[in-house]
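K.L.:
The lines below spell out each chain.
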Amino acid sequence: MLNMNRSMLIKIFGFTGLAALFIAAPPIVSNIYWISVLILTQIYILMAASMRTILLIGHISLGHIGFMLLGAYGSALLVMKAGFPFCMALIVAGFLSGLVGLALGYPFLRVRGIYFAILTLLTSESFRLVAFNWRGMTGGAMGLMGIPSPDAISIPGLGVIDFSTTEGYYYLTLVVICLSLMVLYRLERSRLGFKWRAIREAEKLAQAVGVNVMWYKLVCFAVACFFAGIAGALFAHFQRGLSADASSIFSVLTSIYLLVYIVVGGENKFAGPIIGAFVLSMTSEFARPLEEFQPMMIGGLAIVVVMLMPGGILGFLGQIRFWWSKVLKQETRQGIKG
Amino acid sequence: MALLEIRSLTKLFGGLTAIFELDLDVHKREIVGLIGPNGAGKSTALNMIGGVYLPTNGQILLRGEDITSLSSHHRAARGIARVFQDNLLFSTFSVLENVLAGLHLRTNMGLRDILFGGHRAHHHDQVLINKSLSILESLGIASEKDELAMNLPHGKQRILSLAIALAPGPRLLLLDEPITGMNAKEVETMLAMIRALRDEKGITCIIIEHNLRAVMGLCDRIAVLNFGKKIAEGTSSEIVENPAVMEAYLGTEENVT
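Keeping their order, the protein sequence lines are chains A and B. Numbering-wise, the working numbering puts 318 at position 318 of the first sequence, and it's gapless, one number per residue. Position in the second sequence (from 1) plus 1000 gives the number in the working numbering.
Hints listed in this document are in silico derivations from the structure and should not be mistaken for laboratory results. A hint or two may mislead.
Heads up, simulated DSS-like pairs for lysine-lysine below, C-alpha to C-alpha not over 25 Å straight-line [stated by the list, open to error]:
| # | chain 1 | residue 1 | chain 2 | residue 2 |
| --- | --- | --- | --- | --- |
| 1 | A | Lys204 | B | Lys1156 |
| 2 | A | Lys204 | B | Lys1145 |
| 3 | B | Lys1145 | A | Lys269 |
| 4 | A | Lys11 | A | Lys329 |
| 5 | B | Lys1131 | A | Lys204 |
| 6 | B | Lys1185 | B | Lys1156 |
| 7 | B | Lys1156 | B | Lys1131 |
| 8 | B | Lys1131 | B | Lys1145 |
| 9 | A | Lys269 | A | Lys11 |
| 10 | B | Lys1145 | B | Lys1185 |
| 11 | B | Lys1201 | B | Lys1156 |
| 12 | B | Lys1145 | B | Lys1201 |
Cβ pair distances, simulated, as ranges [claimed, not checked]:
| # | chain 1 | residue 1 | chain 2 | residue 2 | range |
| --- | --- | --- | --- | --- | --- |
| 13 | B | Asn1130 | A | Lys329 | 27 to 37 Å |
| 14 | B | Gly1169 | A | Arg240 | 55 to 65 Å |
| 15 | A | Ile10 | B | Met1150 | 27 to 37 Å |
| 16 | B | Asp1146 | A | Gly143 | 54 to 64 Å |
| 17 | A | Ala82 | B | Asn1108 | 36 to 46 Å |
| 18 | B | Lys1028 | A | Lys329 | 49 to 59 Å |
| 19 | B | Met1150 | A | Val279 | 25 to 35 Å |
| 20 | B | Gly1202 | A | Ile303 | 56 to 66 Å |
| 21 | B | Leu1111 | A | Trp134 | 36 to 46 Å |
| 22 | B | Gln1126 | A | Trp134 | 50 to 60 Å |
| 23 | A | Cys178 | B | Gly1064 | 53 to 63 Å |
| 24 | A | Met214 | B | Asn1038 | 29 to 39 Å |
| 25 | B | Lys1028 | A | Arg110 | 29 to 39 Å |
Here the structure is a predicted model, which is why all the values come from computation and not from measurement. Virtual Cβ for every residue (Gly too), placed ideally from N, Cα, C.
From just these sequences and the hints, can you work out the full model?
P.N.:
Printed below as a string of structure tokens:
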């Protein structure tokens, strides 16, 4: 314990404090509306974080929401039509999204930049249109109603946790999101993440030193889509109803918002999309009265951040820390001289 | 059996014939130069040997095995390494990280290592780090190990490219214009390094250059390309006296850099 430096201690305190805050939120907030907001925010956080994982291999996916759709409808249908229990449906929905990601990634990941973005964008819109029109499976324009919430589970010591209440579902979401973020973080910091960054940095060189670039890209994309599917399943069983019309969460606009969350929070750090999603979701909530102007505000904010703080919020904080440490050095030097 | 046999290699880009029926044998421990004026097809040939381009026609055999349609990461696994033109590096990685990346083929990528390898396991794997440091030391750039690759001067970046290529212990090294943009001293160092690689480690080299004078002393054999075709092949002294080469490439005295 004693040989940890100050910054490590600050980080540990910070995380513990944050964790405590999140765990204690429902009773503190004790307002169903705001707890729901927190649930949705967490889902957005997982979406933004998994979308950023794709950024690690140098591709921007504007179709991430399509994989959330797959997970949402997949899980709902598995529970409603095939009688799956929720926890199985959740995992299977994730794998469904992941497998589709694998299949589509094989052709898509061969192209970069704007071409990849367009391909993914069109794919997610296609998924949405299929869901919107397939009356037999997804209820078409009427949407899919009556998705049951997960069955209550009883934990010895804690009693029965009922997930049909907002509070119960909040804790379910918290656990799933935290586990997912931990896995994503681990992968990023592992040897796998190192290969991903090498591929983003210099794909031709990585290939020449023996990295099977296509394979590593596919793994990354599939993992990201898996977690998008998980986020979708959580969404479905929370909302208890899904719709895929043009103004729903599954529209193109959400994918763009996710990109903005990443940029505003800071794309260079793992916590970036988390901060960005949280801050912007909260801002949107507080700006409810101005709802029609929301796209404009988000867009404007994105432009401001890109021009003034390209590293996003976290990049900016990093800059401040750097300047502060330089100021401290100056003072020390003056102190010695003086 | 030659280490590398190139048979009738042809590459067409639409209507442009970049390489036409190239035949070349490269034997173990040879240093072969591939020279020619700009646009002669040297880089295309190297790209095909390295696996970046798929030939339109022809075959490439490595130790008798047909590797024509293998992608470059498979070729890397078979001992072919490449130093790219224009100092292609992992620019935002440190010098040490660059070599660590080059050690991919020597890195355990099992599931256990990925999920439970610990915080930035790759960077803490002492075996890999020691391997990287010894490579950097043998090339004389170990002191810059924590410097970002993009902050290195041009000559040192070239040496780093060489270090990355040497990391997996290749048998065949493809050098794409290794001495471009270097001053006289750096050129000497690089040429000596390449010679040492062959003499001490038995690595076979194929070098692309348009500076004939510089590689004349280094190469055992030289093949001259012009407009996609091989117009001459032989030792440096034979090449220099070859009239076809002189006409196509050397031209007047002023053209020899």
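K.L.:
Could you tell me which of the hints above the structure violates, numbers in ascending order?
P.N.:
none
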